[in-house]
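Engineer: Next come the chains, spelled out residue by residue.
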Amino acid sequence: MSVKKSTSAPERIRLFPARRKFLAGLAGAAGSGCLMALGAGLYAAQSRALAAQALRPPGALPEDRFLAACTRCGLCVRDCPYDMLMLAKPGDGVPTGTPYFIARDKPCEMCEDIPCIKPCPTGALDPALTDIGDARMGLAVLIDQETCLNFLGLRCDVCYRVCPAIDQAITLEKQHNARSDRHAMLLPTVHSTHCTGCGKCEAACVLDEAAIKVLPVSLARGRLGEHYRKGWEEREKHGGSLIGDQLELPVRGLEGKPYGDSRVGDAPAPPAESAPDGIDSGWKP
Amino acid sequence: MSAARPGQDAIARKGWLAAHKWLLLRRISQAGILGLFLAGPWLGIWIVKGNLSSSLTLDVLPLTDPYLLLQMLAAGFAPAAAAVIGALIVAAFYLLLGGRVFCAWVCPVNIIADAAAWGRRRLGIKSSRPPDARARYWLLAGTFVAAAASGALVWEWVNPVSFAHRGLLFGMGAGLWFLATVFFYDLLVAHHGWCGHLCPMGAFYSLLGKTALLRVAAPRRAACDDCMDCFAVCPEPHVIRPALKRAGQESPVILDTLCTTCGRCIDICGQSVFRFTHRFDQRSSP
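Residue numbers (the working numbering), protein chains in the order written: chain S, 15 to 299; chain Z, 2 to 287.
Check the hints yourself; a few may be wrong.
Listed next, the stretches of chain S that the computed footprint assigns to chain Z, with coverage defined by at least 3 CB atoms under 8 Å from CB atoms of chain Z [claimed, not checked]:
no.: 1; segment: 59-71
no.: 2; segment: 77-87
no.: 3; segment: 200-213
Here are some chain S residues the structure puts well away from chain Z; computed CB gaps all over 10 Å [stated by the list, open to error]:
no.: 4; residue: Arg28
no.: 5; residue: Val91
no.: 6; residue: Arg175
A few chain Z residues that face chain S, going by a derived Cβ cut-off under 10 Å, partial list only [to be verified]:
no.: 7; residue: Ala40
no.: 8; residue: Pro132
no.: 9; residue: Phe145
no.: 10; residue: Val155
no.: 11; residue: Ala248
no.: 12; residue: Gly249
no.: 13; residue: Glu251
Since the hints were derived computationally from the structure, they do not count as laboratory data.
Glycine included, every Cβ here is placed at the ideal spot set by N, Cα and C.
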């Protein structure tokens, strides 16, 4: 290059207008291209969260991997014989174009041959899932015990009756009804070992707003700390307690309460002497 | 020189039908492909299932968008065989035929872009502030970086091409606003702004066009009367000059990979300068 180093910047612009234009154009192209990619990336990061009531089809990979794997082609939607799957539209609160279903609207019918998995071209719906009973689309949670009719002491039982894994995924657990003090409550209880998250229970719940809801497993489940050991399991494993006999220590300030009752308030008033309560009350219908 | 509306000369010389031949065939191709997809959900005739991202034809032929597959790999997911085979078939097809044949003959956004360009000519909108045409390649690279960084198919959140096609087949929702944005951007802000400057999908398919056999050529370039009609309608006007005016090449074949092979220049030319041919056709007819 014959130009001396001493030429000023405006001088160089004058001398190399073509180079100047080329570099400016290149910078503009790079700027607008990268800016758009960044914008798309940020938007995607913002909106990759899945609405809690949106459930993935059976066999769907964990959500973060699913978003890399799903081409959003809708072949699963097309092959669902019950038309309960949808592809998310922008504004649905579900990553755009991905398949989902809303249990309360139309739950999964749990076809034995799982036809929605078969056409998936990428494996976003895992073909290793061959028994629909092993599907984990979500986990049912009896989320509102204050409105559930069975918790109110009625015998609704609808969620229990419609469950495809009746007596396994949902059982009815008998409890004394302390309010009436003379009836039993049969409480629908979900067991994660069997619940596939099909959503039948939520769809069937007779309340205006379902008291039992199917949530994504990640939302529905707690997780014990890695270091937790269950004493009763360890005892079983080792054929005896590992910490020996336990000492019973006095607890100050809780005198006059039955052992183990650590509630702060006054103890419930003792039953009236005159008329006995509950099953001993002599009440007749 | 023709007046404000290009193509009057061609219509006068060749008749309306011949002056719109490739445009009509292209619309038939676009509508036909969409129709094959729509026949299932609308009429219950299942020839093609899925959408342009991935599809299954007659329950045997899997097709997958190779651009999407590469994003998937960038996001760190190894897809199953059906997607890989499908993407290879599509890639081979466009490598052989011509990368941006997709843009002109298949892509649903082309209809939106063409409508905006037509509106510009009819309304006499001259002002245009397009970004640099190389922005699309940066955006293409950016979509791969974004996929790798986030582990998700980022571009699918905003891609107007899949929005349009998926929307027509599975429900449009708010995606309509994305497409309206593309239309008004092209109409009011930048001439051929989206397809000609920004779309990373078009950029990707142009890279597949290096070996394209199907090309438009200007064998009768000697007859050119400089009416500029072809430049007025061409979605990538800069591709014409080298072949038509021998600017930097002797061959009459339009070799630029950005040519969408739409054939509109063939229609619009009153002198019948252009024709479809293959890549190695060096003939110059008088």
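Engineer: If a hint holds in the structure, say so; if it doesn't, say that too.
Structural biologist: Verification of the supplied hints:
no. : hint    : result
1   : 59-71   : holds (count 3)
2   : 77-87   : holds (count 9)
3   : 200-213 : violated (count 0)
4   : Arg28   : 23 Å, holds
5   : Val91   : 7 Å, violated
6   : Arg175  : 34 Å, holds
7   : Ala40   : 12 Å, violated
8   : Pro132  : 4 Å, holds
9   : Phe145  : 9 Å, holds
10  : Val155  : 4 Å, holds
11  : Ala248  : 17 Å, violated
12  : Gly249  : 16 Å, violated
13  : Glu251  : 25 Å, violated
This entry does not satisfy hints 3, 5, 7, 11, 12, 13, going by the numbered hints stated previously.
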